[in-house]
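**Q** Sequence:
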Amino acid sequence: MKLTVEISKYPLQDNYLSAIQGFIDELNQHTDIHVITNTLSTQIFGDYDTVMAALQACIRWSFDRYGQVVFVCKFLHGDLRP
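Following this note's numbering, the numbering of the sequence shown begins with 1 at its first residue and continues without gaps.
Everything labelled a hint here was simulated from the structure, so no lab data went into it.
Quick caveat, the model's predicted, so the values are computed rather than measured.
Mixed in with the good hints there might be a few duds.
[As the list claims (entries may be wrong)] Ranges between beta-carbon positions, derived for each pair:
hint	residue 1	residue 2	range
1	T50	D14	29 to 35 Å
2	W61	T39	19 to 25 Å
3	G78	Q13	33 to 39 Å
4	L12	G78	16 to 22 Å
5	D64	M1	27 to 33 Å
6	M1	G67	18 to 24 Å
7	N38	R65	22 to 28 Å
8	K2	Q68	17 to 23 Å
9	H77	L12	28 to 34 Å
10	D79	L12	30 to 36 Å
11	N15	L80	28 to 34 Å
Note that CB positions come from ideal geometry on N, CA and C, so glycine has one too.
With the sequences and hints as input, model every part of the structure.
**A** In structure tokens, the structure reads:
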């Protein structure tokens, strides 16, 4: 099954740009998913289990590294990349 996720990260700290970029960089370490970043959100495409495993690892990494963070996600069935 294919999955599309749109995710936005809102760090609750002053140095928010590096926290956002760090999360995007971590996602891009996962070469088995496709990541597109724009000014408002990041879109992730790929196999359901692979995308969810990457998200789980990257969200945990972000919480461990940056503390209080809000993530807003949309999950859509299928690979809806442009």
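**Q** Now tell me if each hint is right for this structure.
**A** Here is how each hint holds up against the structure:
A C-beta distance of roughly 34 Å is found between T50 and D14, which places it inside the suggested range of 29 to 35 Å. In this structure, W61 and T39 meet the distance hint of 19 to 25 Å, their C-beta atoms being roughly 23 Å apart. The hinted range of 33 to 39 Å is satisfied by G78 and Q13, whose Cβ atoms lie roughly 35 Å apart. The hinted window of 16 to 22 Å between L12 and G78 is violated, with their beta carbons roughly 33 Å apart.
Under the hint 27 to 33 Å, the C-beta atoms of D64 and M1, about 29 Å apart, fit the expected range. Range check, M1 to G67: about 33 Å between beta-carbon atoms, so the 18 to 24 Å window is missed. For the pair N38 and R65, the beta carbons lie near 23 Å from each other, so the given range of 22 to 28 Å is met. For K2 and Q68, the Cβ-Cβ distance of about 32 Å falls outside the hinted range of 17 to 23 Å, so the restraint is violated.
The hinted range of 28 to 34 Å is satisfied by H77 and L12, whose Cβ atoms lie roughly 31 Å apart. Distance hint check: the CB atoms of D79 and L12 are about 32 Å apart, consistent with the given range 30 to 36 Å. Checked against the hint of 28 to 34 Å, the pair N15 and L80 passes, with Cβ atoms roughly 33 Å apart.
The structure fails hints 4, 6 and 8 (numbered hints given earlier, in ascending order).
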